[in-house]
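Guided by the hints, dock chain B onto chain A, whose structure is given.
Protein chains: 2
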Amino acid sequence: MSVLVVGSVAFDAIETPFGKTDKIVGGAASYICLASSFFTKPVRLVSVVGGDFPHAFVQTLNSRGVDTQGLEVRPNEKSFFWSGRYHNDLNSRDTLDTQLNVLATFDPQIPAAYQESEFLMLGNLVPDIQRNVIRQMKRRPRLVVMDTMNFWMDTALDSVKKTIAEVDVLTINDEEARQLSGEYSLVKAARAILAMGPRYLIIKKGEHGALLFHENQVFFAPALPLEEVFDPTGAGDTFAGGFLGYLAATKDLSFQNMKNAVIYGSTLASFCVEKFGTERLESLTIEEVRSRYKQFLDLVQIDLQLV
Amino acid sequence: MSVLVVGSVAFDAIETPFGKTDKIVGGAASYICLASSFFTKPVRLVSVVGGDFPHAFVQTLNSRGVDTQGLEVRPNEKSFFWSGRYHNDLNSRDTLDTQLNVLATFDPQIPAAYQESEFLMLGNLVPDIQRNVIRQMKRRPRLVVMDTMNFWMDTALDSVKKTIAEVDVLTINDEEARQLSGEYSLVKAARAILAMGPRYLIIKKGEHGALLFHENQVFFAPALPLEEVFDPTGAGDTFAGGFLGYLAATKDLSFQNMKNAVIYGSTLASFCVEKFGTERLESLTIEEVRSRYKQFLDLVQIDLQLV
Numbered sequence: 001m002s003v004l005v006v007g008s009v010a011f012d013a014i015e016t017p018f019g020k021t022d023k024i025v026g027g028a029a030s031y032i033c034l035a036s037s038f039f040t041k042p043v044r045l046v047s048v049v050g051g052d053f054p055h056a057f058v059q060t061l062n063s064r065g066v067d068t069q070g071l072e073v074r075p076n077e078k079s080f081f082w083s084g085r086y087h088n089d090l091n092s093r094d095t096l097d098t099q100l101n102v103l104a105t106f107d108p109q110i111p112a113a114y115q116e117s118e119f120l121m122l123g124n125l126v127p128d129i130q131r132n133v134i135r136q137m138k139r140r141p142r143l144v145v146m147d148t149m150n151f152w153m154d155t156a157l158d159s160v161k162k163t164i165a166e167v168d169v170l171t172i173n174d175e176e177a178r179q180l181s182g183e184y185s186l187v188k189a190a191r192a193i194l195a196m197g198p199r200y201l202i203i204k205k206g207e208h209g210a211l212l213f214h215e216n217q218v219f220f221a222p223a224l225p226l227e228e229v230f231d232p233t234g235a236g237d238t239f240a241g242g243f244l245g246y247l248a249a250t251k252d253l254s255f256q257n258m259k260n261a262v263i264y265g266s267t268l269a270s271f272c273v274e275k276f277g278t279e280r281l282e283s284l285t286i287e288e289v290r291s292r293y294k295q296f297l298d299l300v301q302i303d304l305q306l307v
Numbered sequence: 001m002s003v004l005v006v007g008s009v010a011f012d013a014i015e016t017p018f019g020k021t022d023k024i025v026g027g028a029a030s031y032i033c034l035a036s037s038f039f040t041k042p043v044r045l046v047s048v049v050g051g052d053f054p055h056a057f058v059q060t061l062n063s064r065g066v067d068t069q070g071l072e073v074r075p076n077e078k079s080f081f082w083s084g085r086y087h088n089d090l091n092s093r094d095t096l097d098t099q100l101n102v103l104a105t106f107d108p109q110i111p112a113a114y115q116e117s118e119f120l121m122l123g124n125l126v127p128d129i130q131r132n133v134i135r136q137m138k139r140r141p142r143l144v145v146m147d148t149m150n151f152w153m154d155t156a157l158d159s160v161k162k163t164i165a166e167v168d169v170l171t172i173n174d175e176e177a178r179q180l181s182g183e184y185s186l187v188k189a190a191r192a193i194l195a196m197g198p199r200y201l202i203i204k205k206g207e208h209g210a211l212l213f214h215e216n217q218v219f220f221a222p223a224l225p226l227e228e229v230f231d232p233t234g235a236g237d238t239f240a241g242g243f244l245g246y247l248a249a250t251k252d253l254s255f256q257n258m259k260n261a262v263i264y265g266s267t268l269a270s271f272c273v274e275k276f277g278t279e280r281l282e283s284l285t286i287e288e289v290r291s292r293y294k295q296f297l298d299l300v301q302i303d304l305q306l307v
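Going down the list, the sequences are from chains A and B. Mapped onto this note's numbering, the consecutive letters of the first sequence carry residue numbers 1 to 307. Mapped onto this note's numbering, the consecutive letters of the second sequence carry residue numbers 1 to 307.
Incorrect hints may have been included.
Which copy? The list can't say, so a pair holds if one copy fits it or any two copies do.
What the hints assert, rightly or not - Taking lysine-lysine and the DSS-like style, the derived pairs with C-alpha atoms no more than 25 Å apart in a straight line are:
1. 20 with 78
2. 78 with 251
3. 294 with 205
4. 294 with 188
5. 161 with 41
6. 41 with 23
7. 251 with 162
8. 20 with 41
By construction, these hints were calculated from the structure, which means they are not laboratory data.
Just chain A, same shape as in the assembly:
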């Protein structure tokens, strides 16, 4: 089924304890599109870049079945740029530089051919813009997934809540869930956030896995214990892309299948962090995805043994 992804396509410069990069391709929508494309076609991209953005990456997306007609290119402007340095634990980072550039005036126009997409992924963007994307859809997508971040909760909380009320699935991390709900317990936080509108909530806990909440049900997806996390950039977006792509491919929105989607999202994210930026996703094969998915199941596999 068709997936529409709206979000940033950009440059990142990353420092981790293991090394640093010059400007490399990043942006939420880059990771989401790459991850979704493992499972479903077409994946449609709406974003904006400047004249400095490498055509090679657009070709990479195209070669994986990503439709980039919705990628606006502004030849005389520069692409969004973010630079950050991760701390030793890789769980926290400092932003060194943010240059909005083209993103400062980004007002996504959804091409007519995209307006009936069946799955919609709203990558992290200004929440007003996220709602404006929903408005442009000719009919309600089967599933609308939204990512956001603490920055918008700090600066535009009312708008964040309005957008949350209009989506089916919200994906945020544990700190954001606590901030949004005012509850420390993630169980209480989830209940408060589900009451804001979305039917599903995914709380991403990085190296500690992810929780899927729906009504009174909860599912826990572990993170694979890895030898080395090389660069966490894009892991959350890769997770979301894998989650949505798997759902679009299987067309099954039951809670049971959502669990599998969470595991596939975690699987792709576990690869993403192995190298800088999108590098590992670009070399990844579906056989590797299958094999690691089974590792995820083995990690928690147990036979019921009552006392």
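Same frame as chain A, but now just chain B:
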């Protein structure tokens, strides 16, 4: 099968964001014995208390099948006392007061009737003393489990390593695993620690679950997402007690069964944190244990769905 527990029986005074206690019963061996007693008999306790220790708690242990002949009582001395205050996240705490009292000269003598116990749990103690307990066993127990903490790594690392080399299972938390191994990645840390001697390593991650490592295998046990963690004191000891008690009851030391033991340990620990001190464990029923064990399995249950 018989379980021998050597460790502290003591008083704690605890402050959490939810309240504070006066002196209540605590100590590693108290939690371990209570937890083990859900699964197996006899559980044998070797510890020391002062004349101030309440007989009622000893009766509670006895009523659950815990043999307290090895509990030395020194009428003219005072019991070990620890006081601490948990931070808002409940993952970290400050020690407010430590009074070693009877523990300062504790030199456990294992009664002859205990020296052929089949399972041995070395609660957190001076590592020299832990080794001395192993020496006193008439024959090698089927399984020796050791707990320790960062304090001993800071002050007696060589001795910690000597004891680790003599045990079958080491249980420590994630920060301790990192300190002991010098590796940040828990996968690398586990490999380094297993090379120090133990066949199994359990890394406890508190609200993030626990990892069981054995040779090249790894198993992940989630923590149950709880509404409220009221008091984390004793959770790790309760985990260890449940783990060991289940193994002693099932007499099966395969990796498969160790996984179940980890889940049962997690199950008991999830109850422990619901109230202050040992209160919840004392009111707990085996039916509640069974029911929550199933919740743990449901939390990660998934049907294989290949793409």
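Right, here's what the structure says about each hint:
no. : hint         : in the structure
1   : 20 with 78   : within (22 Å within a copy, 57 Å between copies)
2   : 78 with 251  : neither (38 Å within a copy, 67 Å between copies)
3   : 294 with 205 : both (21 Å within a copy, 23 Å between copies)
4   : 294 with 188 : between (31 Å within a copy, 22 Å between copies)
5   : 161 with 41  : neither (31 Å within a copy, 55 Å between copies)
6   : 41 with 23   : neither (29 Å within a copy, 64 Å between copies)
7   : 251 with 162 : neither (27 Å within a copy, 57 Å between copies)
8   : 20 with 41   : neither (34 Å within a copy, 57 Å between copies)
Violated hints, listed in ascending order, are 2, 5, 6, 7 and 8; each of the other numbered hints is respected by the structure.
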